[in-house]
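Starting from the known structure of chain A, fit chain B onto it as the hints suggest.
Protein chains: 2
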Amino acid sequence: MYRTATCGELRLCDCGKEVTIAGWVQRSRKMGGMTFVDVRDRYGITQVVFSHEINADLCDAASKLGREFVVQVTGKVEERASKNMNLPTGEIEIIASELKILNKSDVPPFTIEDNTDGGDDLRMKFRYLDLRRPAPRANLELRHRMAFEIRRYLDANGFLEIETPILVKSTPEGARDFVVPSRMNPGEFYALPQSPQIFKQLLMVSGFDRYFQLAKCFRDEDLRADRQPEFTQVDCEMSFVEQEDVINMFEGLVKHIFKYVKNIDFTEAFPRITWADAMKYYGSDKPDIRFGMKFVELTDLVKGHGFAVMDDAEYTAGICVPGCAGYTRKQTDELTDFVKRPQIGAKGLVWVKIAEDGSIKSSVGKFFSDDDLKQWAQAMNANPGDLLLILSGATAKTRKALGELRLEMGNRLGLRPKNQFAPLWVIDFPLFEWDEETQRYYAMHHPFTAPNPEDIPLLHTDTGKVRATAYDIVVNGTELGGGSIRIHDSELQDTMFELLGFTPEKAQEQFGFLMNAFKYGAPPHGGLALGFDRFVSMLAELDSIRDTIAFPKNNSGRDVMNESPSPLDPAQLDELKLQLQPLDK
Amino acid sequence: MYRTATCGELRLCDCGKEVTIAGWVQRSRKMGGMTFVDVRDRYGITQVVFSHEINADLCDAASKLGREFVVQVTGKVEERASKNMNLPTGEIEIIASELKILNKSDVPPFTIEDNTDGGDDLRMKFRYLDLRRPAPRANLELRHRMAFEIRRYLDANGFLEIETPILVKSTPEGARDFVVPSRMNPGEFYALPQSPQIFKQLLMVSGFDRYFQLAKCFRDEDLRADRQPEFTQVDCEMSFVEQEDVINMFEGLVKHIFKYVKNIDFTEAFPRITWADAMKYYGSDKPDIRFGMKFVELTDLVKGHGFAVMDDAEYTAGICVPGCAGYTRKQTDELTDFVKRPQIGAKGLVWVKIAEDGSIKSSVGKFFSDDDLKQWAQAMNANPGDLLLILSGATAKTRKALGELRLEMGNRLGLRPKNQFAPLWVIDFPLFEWDEETQRYYAMHHPFTAPNPEDIPLLHTDTGKVRATAYDIVVNGTELGGGSIRIHDSELQDTMFELLGFTPEKAQEQFGFLMNAFKYGAPPHGGLALGFDRFVSMLAELDSIRDTIAFPKNNSGRDVMNESPSPLDPAQLDELKLQLQPLDK
Numbered sequence: 170m171y172r173t174a175t176c177g178e179l180r181l182c183d184c185g186k187e188v189t190i191a192g193w194v195q196r197s198r199k200m201g202g203m204t205f206v207d208v209r210d211r212y213g214i215t216q217v218v219f220s221h222e223i224n225a226d227l228c229d230a231a232s233k234l235g236r237e238f239v240v241q242v243t244g245k246v247e248e249r250a251s252k253n254m255n256l257p258t259g260e261i262e263i264i265a266s267e268l269k270i271l272n273k274s275d276v277p278p279f280t281i282e283d284n285t286d287g288g289d290d291l292r293m294k295f296r297y298l299d300l301r302r303p304a305p306r307a308n309l310e311l312r313h314r315m316a317f318e319i320r321r322y323l324d325a326n327g328f329l330e331i332e333t334p335i336l337v338k339s340t341p342e343g344a345r346d347f348v349v350p351s352r353m354n355p356g357e358f359y360a361l362p363q364s365p366q367i368f369k370q371l372l373m374v375s376g377f378d379r380y381f382q383l384a385k386c387f388r389d390e391d392l393r394a395d396r397q398p399e400f401t402q403v404d405c406e407m408s409f410v411e412q413e414d415v416i417n418m419f420e421g422l423v424k425h426i427f428k429y430v431k432n433i434d435f436t437e438a439f440p441r442i443t444w445a446d447a448m449k450y451y452g453s454d455k456p457d458i459r460f461g462m463k464f465v466e467l468t469d470l471v472k473g474h475g476f477a478v479m480d481d482a483e484y485t486a487g488i489c490v491p492g493c494a495g496y497t498r499k500q501t502d503e504l505t506d507f508v509k510r511p512q513i514g515a516k517g518l519v520w521v522k523i524a525e526d527g528s529i530k531s532s533v534g535k536f537f538s539d540d541d542l543k544q545w546a547q548a549m550n551a552n553p554g555d556l557l558l559i560l561s562g563a564t565a566k567t568r569k570a571l572g573e574l575r576l577e578m579g580n581r582l583g584l585r586p587k588n589q590f591a592p593l594w595v596i597d598f599p600l601f602e603w604d605e606e607t608q609r610y611y612a613m614h615h616p617f618t619a620p621n622p623e624d625i626p627l628l629h630t631d632t633g634k635v636r637a638t639a640y641d642i643v644v645n646g647t648e649l650g651g652g653s654i655r656i657h658d659s660e661l662q663d664t665m666f667e668l669l670g671f672t673p674e675k676a677q678e679q680f681g682f683l684m685n686a687f688k689y690g691a692p693p694h695g696g697l698a699l700g701f702d703r704f705v706s707m708l709a710e711l712d713s714i715r716d717t718i719a720f721p722k723n724n725s726g727r728d729v730m731n732e733s734p735s736p737l738d739p740a741q742l743d744e745l746k747l748q749l750q751p752l753d754k
Numbered sequence: 170m171y172r173t174a175t176c177g178e179l180r181l182c183d184c185g186k187e188v189t190i191a192g193w194v195q196r197s198r199k200m201g202g203m204t205f206v207d208v209r210d211r212y213g214i215t216q217v218v219f220s221h222e223i224n225a226d227l228c229d230a231a232s233k234l235g236r237e238f239v240v241q242v243t244g245k246v247e248e249r250a251s252k253n254m255n256l257p258t259g260e261i262e263i264i265a266s267e268l269k270i271l272n273k274s275d276v277p278p279f280t281i282e283d284n285t286d287g288g289d290d291l292r293m294k295f296r297y298l299d300l301r302r303p304a305p306r307a308n309l310e311l312r313h314r315m316a317f318e319i320r321r322y323l324d325a326n327g328f329l330e331i332e333t334p335i336l337v338k339s340t341p342e343g344a345r346d347f348v349v350p351s352r353m354n355p356g357e358f359y360a361l362p363q364s365p366q367i368f369k370q371l372l373m374v375s376g377f378d379r380y381f382q383l384a385k386c387f388r389d390e391d392l393r394a395d396r397q398p399e400f401t402q403v404d405c406e407m408s409f410v411e412q413e414d415v416i417n418m419f420e421g422l423v424k425h426i427f428k429y430v431k432n433i434d435f436t437e438a439f440p441r442i443t444w445a446d447a448m449k450y451y452g453s454d455k456p457d458i459r460f461g462m463k464f465v466e467l468t469d470l471v472k473g474h475g476f477a478v479m480d481d482a483e484y485t486a487g488i489c490v491p492g493c494a495g496y497t498r499k500q501t502d503e504l505t506d507f508v509k510r511p512q513i514g515a516k517g518l519v520w521v522k523i524a525e526d527g528s529i530k531s532s533v534g535k536f537f538s539d540d541d542l543k544q545w546a547q548a549m550n551a552n553p554g555d556l557l558l559i560l561s562g563a564t565a566k567t568r569k570a571l572g573e574l575r576l577e578m579g580n581r582l583g584l585r586p587k588n589q590f591a592p593l594w595v596i597d598f599p600l601f602e603w604d605e606e607t608q609r610y611y612a613m614h615h616p617f618t619a620p621n622p623e624d625i626p627l628l629h630t631d632t633g634k635v636r637a638t639a640y641d642i643v644v645n646g647t648e649l650g651g652g653s654i655r656i657h658d659s660e661l662q663d664t665m666f667e668l669l670g671f672t673p674e675k676a677q678e679q680f681g682f683l684m685n686a687f688k689y690g691a692p693p694h695g696g697l698a699l700g701f702d703r704f705v706s707m708l709a710e711l712d713s714i715r716d717t718i719a720f721p722k723n724n725s726g727r728d729v730m731n732e733s734p735s736p737l738d739p740a741q742l743d744e745l746k747l748q749l750q751p752l753d754k
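Protein chains in written order, with our numbering: chain A, 170 to 754; chain B, 170 to 754.
You may find that some hints are simply not true.
What the hints assert, rightly or not - Partial list, computed: chain A residues near chain B (C-beta under 8 angstroms):
{"id": "1", "residue": "P350"}
{"id": "2", "residue": "G376"}
{"id": "3", "residue": "K424"}
None of these hints come from the bench; they were simulated from the model.
Computed from a predicted model, the values in this text were never measured in an experiment.
For each residue, glycine too, the CB sits at the ideal point set by N, CA and C.
If we strip away everything but chain A, and leave its shape as in the complex, we get (with noise of 0.2 angstroms):
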């Protein structure tokens, strides 16, 4: 071993020890005839001093040192004069009596600071530089301990880890799969998978009963800001249970990470919310629970006065800000045009002041009077001083619209901090979507999701209002997971396939080997997938995932440390029977 104590353990009560560190040269300062040396390693910054008076060649040869040096030092544990209490080692420092060179390192292209010069490119580049800075450092280990927590608490309620392959069947449905040629099977091919949905439903025929898996998941899809080509997902599934023992379990699972990572304790239950809530009151299917400005349908209220954006609409709703009346016409302004964007897609955006002497102002004073106002106000629930900010159209369109503008304000009026979690469950989800394009219905989690047993005689003839036992647990307008409770009867599942438009052939060829499984005794069994990147970039308090993640990939799919993918020899694409398309095809 190079060292008796890392640079983040000595304290004062080790005052007088004779130790020795090794790391980094976080950086050197003369001061006098004095050279202060800061060491770093994962644990911490121990500060050295090398004295020109006592050792003369010691201290010259420290003020050489360049950042980034990896050194060893010996020397003995002092109090420091003046402490650094920013620090947990910043009470004492090593008066060094013997240093080593143990590597040079050349000037890096960045410091190693969080708050560093380098850009994004260039700290993916030399990625193993940027993950000496604290903050990637410190979201590493979080990711450690929520992984390690996770088994913890599902290990202690009776789950095993079971492996499921990362080398599977490719199936055309869903997300594009990526794909491995088969050198000693021509012509075929592995897929990389999007889930490990079909082998943990066939462990619950096997009578595992509670499996989870920190799995491994791939989508080869065009990448946005928040996407990796490879993800991990803390998969899980349960036997013999219904959909309130899936969300107790995970419900579960959840507070415990909260508990022993955040030391946030939640004492109360989550709240829940059926589907068709969470679009009436938020707009989304994901609500963003840690502030209130609930939509009010004002749809019959607003109608009949000559105001045709509102005598038209399909659906008119509103959300009352807090304490915004005395937004500016610079402000509405921006509002308006926030809605008006092509993501946003609202034509335009109705507003009323309620100042806090009760005068109202509007947008639409043409078409209405104060006191249809104030009855707006009141259905509303608005005080003195606050502001209506109210939308018009088509239901699905308005509600989604006016769902990003509850989203903006809350931003504006800081009511979304990253460090205050509400988590709720959205339950009832609908079973099928319809596609206007393709005139057929999708599953809306996917096949295998049981249908709500009440809603079971609809499947025929409402289909779009059946409901899914299905469930999705949000954080902060995030989702963070969710699951279902799954068909375990075969016929069932065979009108499922049937209503999804997939031919018998069809349904047996991809999915044929989990049917015949469930011929042999499935048991009725559920369960849930946690977004692991999401999850923790969320206990992190971070944007992205790709800062929870060791080696992420850019939006091209690239890793620009290792210049992967690459064109490939000849000799393997000869051996893997293949060959490239000219590139113009």
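Structure of chain B alone, referenced to chain A:
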């Protein structure tokens, strides 16, 4: 929840309780006016009794249950009249008052019992049923427990589990890579990692100090009985350490696993043997030291008696097999046939029997007197009743053959019981292996392994003699894992690449990003990887790793359950800008 108790938990103290269990029908039998049904789940088997006298309809329904039906039974726990003490629940039974069939089952293609009538291929095709049998289930439970305890030990020792990518850069050195075409970067490919070697070394450069991962690794090799295209390794790396530190840490890990998983205490340090001694005494770099029979070299002793085989041999050595002097001619002939098999490759076998009365018989009486042979016996520490088995020939080949013979004798004498474990460290491996065919040196471990510092002066002058700072942990004749101290000095690394025949360009192309990383202050570091599948199979006392894997591939790399790999949709190939070569190319 469909149950109030599992099928494994009810005991005498539960008598009188009303309970509900759910599980699979293991078997049902009628006796007089009663039907007995054994209900099975992951946790055990519970006997349920239906009495015709109490409820005729229910009893009739129960008698119609087929094997593997999924049932839910409510009833009262009662003490059994005739107890089955082989079953943890064997003192009680449930007197059923309700029975619900949750799912029917076709008759399974083989019996769901350890002693099944299903052949290997059938069980693999219906792996989800095979996994219902107690033995495969126990193997996966053991695997879970071992993974959990490995994580617990390493976490307690300050290691962080860090996920490294699965989509990596292809490096055509070493075994063959599986590759993944990139749709977003046409003509380019990712590879699946053969190990996280480079990433873990980068993590040391990043200052993570102690890393581990239960890592999925991939090798596209022609499969032998005990290989899988994807496998799991316990991958670890530490900074600022020397060989002694790594060995101590992972000896601690192995001891922890034996203690907490098998309740076996290793109180002594594991023995260590140099590679040279392992070859000298056991003819193998992974000696099985559950038993003795160490080689004794007789090269000089046996020369000069006119026996050309020994006179001309570079090397003669033997093993002393205790208590086998009574072997018949048939038995010694069998052993001769054994060593002459092409896999062993010896030309013949010399035997000497030391009878209990001290008289001596041998296969070389023509050339050697009894006094000569007594000298052999003395050199080999033989006792009356022992059998000496002796081989001659070229050193390396003969050692290997004698090693195989030693293992064979261990098997014959029952000296290799699976439930006895004899770990040891093999150290001081050679750094290089000479390959006659290509007339160049190869790295015995990998090109990042550090030479023994004492041998650095020999690098250019006596390359083949240089020892590596590399170590394997061997248990019962199987390599459980191995590792090395790595080169952290980029000049020494350049020398290594040069000795291994890499041009600077080739080295830069393949390992450039690692070599660049090393310019920025790489700490001294080293690590180790354990074959996790192997480790599990060892503790499960299995012959093959396949039985430790939930969904393994067969020897052609196929999953016969889901029939992968499989052909792709032509549209998928087009998206990837790939086409298949004609198969007769």
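Worksheet entry | Violated hints - listed by number, lowest first | Violated: hint 3 alone.
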